[in-house]
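Once you have looked at the hints, place chain B on chain A.
Number of protein chains: 2
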Amino acid sequence: MTLLFLAPASAVLAFIFAGWFAYSLMKNDEGTDQMKQIALFIRKGANAYLKRQYTGVALFFAIVFVVLLVLGLLGYLTMFVPFAFLTGGFFSGLSGFIGMKVATYANARTAHACSSSLNKGLRIAFSSGAIMGLVVVGLGLFDISVWFYFLNWFYRALDEAARMQSVTSTMLTFGMGASSMALFARVGGGIFTKAADVGADLVGKVEAGIPEDDPRNPAVIADNVGDNVGDVAGMGADLYESYVGSILSTSALGVAAGFGLKGVTIPMIMAAVGVVASVLGTFFVKTGEQTSQSVLLKALRRGVYGSSIIIAVAAFFLVVNILGWENIGVYYAILSGLIAGNLIGFVTEYFTSDTYKPTQNLAASSTTGPATVIIAGISLGMLSTVVPLIIVAVSVMASYYLAGGAVNFNLGLYGVGISAVGMLSTLGITLATDAYGPIADNAGGIAQMADLPEIVRERTDALDSLGNTTAATGKGFAIGSAALTALALIAAYQEEIRLLAEQYKIPFEFNLSIINPPVLVGLFVGGMLPFFFSALTMQAVGRAAQQIVVEVRRQFKEITGLMDGEAEADYEACVDICTRSAQKEMVVPALIAVVAPLVVGFLLGVNGVAGMLAGAAVSGFLLAIMMSNCGGAWDNAKKHIESGAYGGKGSDSHKAAVVGDTVGDPFKDTSGPSINILIKLLSMVSIVFAAFILNNSLFH
Amino acid sequence: MTLLFLAPASAVLAFIFAGWFAYSLMKNDEGTDQMKQIALFIRKGANAYLKRQYTGVALFFAIVFVVLLVLGLLGYLTMFVPFAFLTGGFFSGLSGFIGMKVATYANARTAHACSSSLNKGLRIAFSSGAIMGLVVVGLGLFDISVWFYFLNWFYRALDEAARMQSVTSTMLTFGMGASSMALFARVGGGIFTKAADVGADLVGKVEAGIPEDDPRNPAVIADNVGDNVGDVAGMGADLYESYVGSILSTSALGVAAGFGLKGVTIPMIMAAVGVVASVLGTFFVKTGEQTSQSVLLKALRRGVYGSSIIIAVAAFFLVVNILGWENIGVYYAILSGLIAGNLIGFVTEYFTSDTYKPTQNLAASSTTGPATVIIAGISLGMLSTVVPLIIVAVSVMASYYLAGGAVNFNLGLYGVGISAVGMLSTLGITLATDAYGPIADNAGGIAQMADLPEIVRERTDALDSLGNTTAATGKGFAIGSAALTALALIAAYQEEIRLLAEQYKIPFEFNLSIINPPVLVGLFVGGMLPFFFSALTMQAVGRAAQQIVVEVRRQFKEITGLMDGEAEADYEACVDICTRSAQKEMVVPALIAVVAPLVVGFLLGVNGVAGMLAGAAVSGFLLAIMMSNCGGAWDNAKKHIESGAYGGKGSDSHKAAVVGDTVGDPFKDTSGPSINILIKLLSMVSIVFAAFILNNSLFH
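The listed protein sequences correspond, in order, to chains A and B.
Reading the first sequence from the start, the letters are residues 1 to 700 in my numbering.
Reading the second sequence from the start, the letters are residues 1 to 700 in my numbering.
The shape of chain A in the complex, shown without the other chains (with noise of 0.2 Å):
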């Protein structure tokens, strides 16, 4: 407890630095008046998506807060649940909405600083991605705490070990929100910022063949606002949830581990150690003028393993001094984790960098066509999840084993979370390498749209197609550690479960085997979500891309002058059009997270869920990491194609792999990314609803 003060200190920390940060970037010039003009334009177009997304969430969490306050007064569920519901959903949206403004102010700033050096370019693109990883940690790390204080204070008449179990519980339940939210921001945004970039791509690149971010495509300026509202909000969400969700199920299974507070608290103090580390690696980063992947890609590295080593080495001191030497296995699972997360970022890199062989075979198989592009693309996606598996599999081994679970299962359990967190620790440092991607992607769209020299648009170009790989990384990090996290979660369900099953008297027997026949069938059907929910939003994409698609059409038709550059097109109508396609299209898939646990625990019982939820974390990571990765690949192999290779821009082999750049749109952008989300949320509507659903299932 002691050093728990570290949690809200480190938050307090990430604020100022970040505040710092936002400040010294405000002070750059935004550029010409066009590009003020422009970034005004996007500034705007993003606003009013998140304004209006956030009042449709807004209905959802009302809904479901009535339906937990419903639960909580029928003695489901305890009353704070439906509060830490909201705040967890409120919190996640806010690290968005931040990480959404600062972009929108990055990205003329960046194009600006491009013009005149390639490294002030890429520092000022870092930075503002620092400032959303520091205020995604720090919320996580600040909202943690308070609730923390609060429900210890408030639980004060328990004994140590009940007031954990029921601090740890409740705050769970924060997750939940946490994840709903961003599930909506990251389908949402997915769709908005797909559907806007395929959309413009098919007419103005395809058809009327003017070059991407053309300022005569009536699209240009909603494909700059999904950057922002996808790219950065979304993914802020995102990793909010991930980073708060390993968190709080590995302080709940620090309880069942026997560590009682010390347990619950270190998850805490290791993020704060993490924030800490972040800030000291964002200084390590800087680059010179050449504009090669494996240049700036270093320069990144270098502030990633930087903050990696701090956290090792300060790690081992933590857990030494607070559980003390005979729990040592603990600071090595959260090693396995750390070097995992790296690992795992690196062979993403190896994949979608255009400096290794896959992107650049990938790129060579465009000479015969879009066709062998696709084929290509897609078995290096399904290659690409080979190694990362294994990597998962030998951390989850290794961290319940090192951590002592051949003794006692709960506390190989727990050392499996803490990899998780440990995986996730760098969080501050690789968000900001990670949210970078897309803001330098606007200031390539700005550099082109206020006609700036050539030169510029190379560097925004080079900064944005390493963005491709880092943002590649983020994603293998998401879903990595949801894979960890999977176990922890599936294990605080059956504990939930066997608790509340004795406080109801249900007689129940436990029966997870894999040839339980509803256990089976729950892992066929969990395996079976991702599949859909990646179809439904896919082809939300699609939809909403063909109305951009007509409208365009009908904008080069009717506006006369457009095509000549003598007429403006209507940008805000493509913008609303999104906005209002995105709106509808991520209703269905988002419900798909809470109605299966609802369905399939009726018909199956618990028993089925657990296997729908494992069922969901595999064939949901193998799916994350192929789209993820082929996506990734497809863009970067295009740009190495535009950076001269095999006839460069304008040649066949250009056309087709454009074709595999927008096919990669939606899997990397919309579905890929939206998976491990998927998985926690099953997860965690699981946790919340257990007492329901163990008083009303066909099956017990």
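For the record, the hints were derived by calculation from the structure and aren't laboratory data.
Check the hints yourself; a few may be wrong.
Copies of the same chain look alike in the list, so a pair counts if it works inside one copy or between any two.
[Said to hold, decoys possible] In silico lysine to aspartate or glutamate, DMTMM-like type, Cα no more than 25 Å apart, as pairs:
hint: 1; residue 1: Lys584; residue 2: Glu509
hint: 2; residue 1: Lys205; residue 2: Asp652
hint: 3; residue 1: Lys262; residue 2: Glu160
hint: 4; residue 1: Lys286; residue 2: Asp652
hint: 5; residue 1: Lys649; residue 2: Glu207
hint: 6; residue 1: Lys584; residue 2: Glu502
hint: 7; residue 1: Lys557; residue 2: Asp652
Coordinates of chain B only, in the frame set by chain A:
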């Protein structure tokens, strides 16, 4: 036992009808001299390939045979196992070989018959398919009967329970041989056919702008050879494996369920009934002159539904007669499998036939270019997994509980196993509707090459298009039954381990709970295998197709007069490239199935292996359905456009649809349909090497 004579008797019946159909087939004319010449080319190529393939596979069988012999000498296996393994492989290969032979004699005859009427063409193509269907089920039943009579006699000294135990566990290894052969045939044949197809399309259609199956294209014969060695021979070996696999594993479960000899023989007798019903069903298939898919589908459905009804009625009397009224639940289980099979078939039709919305919408998405075709196709494929998965889920639950699983776990398992037998009991006729597709495809190729009137090609196209749908249906059956069999095989694995642990007195804790880390990690690893496998097979197709592209380009350049039709292409060179590539490339993917259970067993122990089997079944089921349906729908969307929609042949929409079709080729004919074999071979290898792993693992 008294009714068991039905098994060999109906095998003989199947052979008689197959012989009669073959005799009638050969009486038809092959058409013009040119057609005869082309058919001869194709036949020779197919023969040459299979000869080479069988030689290569023989080496693999020899090695595994020796390994099994050694394990037998070390006491890890009974000495029948190596021989059962060999015969399983032999008959699986023979099924494919005979199918291929028939198909290469039927292709020109179908083309010629289409010159006079659509119904005649359908009758010839369909009856050739029926020959193959009957040969597959006949051989399956024949081998199983022979082994059963022999082993039952050999172990005559044992009491019934012990005897059936020994008989069924030996026969199960027969399945390992069949699965190994099937995997090589599917993967090797799949690589051959799609390398030729993709390669021919890439250079021919896309670069040179000549139509499909144009005789000037040097890869055109290889393409047609491919249909026979991949889609026919590969499929024959595959479904032989599914068929005997489900019968054998259900027989093994019959012992544990306490039905003794009766339980063991019912699956065989059920299969015998299916053969008779299939023979009768073939007589229901005929059509008029309308080429619309819905009319043709109805013609085929009459045959399948007719057979299903006969089986449903006969099975009732069978179960009541042999097991008595008190076990009527077993009949319900059979019925649930039969219904599930037909429903999966119907859902597959819905998603892949252009009679219905999904494929029509996919065709419409081609108006906005290849990227939207791919996005729409993949989401269609993902979406199409939902209902089949629910059907299988309901079928597992229904057959488990209806057969009495709530009272006795083994009884329930037997129910699930026999439902798979019920699903596959119509195989004689469903395989006929499936195998006729590639024959029609070949007929179309011959019609084109021999310059027959346009109407002939239209008719063969109509048959071929339907073939895409029925092929997807056949794959649905194969993977659906694999999912049902998966539970049976995991249970068989557990039983085997339990017996062995007793025998070797290994202190051993069985913990198949999904929250036992080795099981969960096994689930993840197993889930990854189908992704890994699909990536490797698709890359193999890509590499082989690339070689074809280079060769065809070379011929276009070097053979003067080729494009004007004055010089003949060097067809054999392309056949040769495909043959060599397929041989080389099939090794690594096939090894996954053999190596993974050993590695996982060594590292994670038997609990981990069980997890792996479940994980592979889940993700394999989903990927297989997704890939097969994507491919079928893309192919038919293209055909839909060729029949005049969205601008018809040569339009931009058509070009976009061709991209989808090309991507779909390895999906539906290489990777997708191999996955069900992969799943089962993993189980078979796990069971055969169980004793070895149990004694040589890091974990117990």
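Evaluated hints:
Taking the shortest Cα distances, Lys584 and Glu509 never come within 25 Å of each other, neither inside one copy (42 Å) nor across copies (51 Å). Taking identical chains as interchangeable, the C-alpha atoms of Lys205 and Asp652 lie at most 25 Å apart whether they share a chain (13 Å) or sit on different chains (15 Å). Within a single copy, Lys262 and Glu160 get their C-alpha atoms as close as 10 Å, which meets the 25 Å cut-off; across copies the closest is 61 Å, which misses it. When the C-alpha separation of Lys286 and Asp652 is checked against a cutoff of 25 Å, the pair qualifies neither within a copy, at 37 Å, nor between copies, at 47 Å.
In the homo-oligomer, the alpha carbons of Lys649 and Glu207 lie at most 25 Å apart both inside one protomer (16 Å) and across protomers (20 Å), since each shortest distance falls under that limit. When the C-alpha separation of Lys584 and Glu502 is checked against a cutoff of 25 Å, the pair qualifies neither within a copy, at 43 Å, nor between copies, at 60 Å. For the homomeric pair Lys557 and Asp652, the shortest alpha-carbon distance between copies (20 Å) is at most 25 Å, but the shortest distance inside one copy (27 Å) is not.
In the structure shown, a violation is registered for the earlier hints numbered 1, 4, 6, in ascending order.
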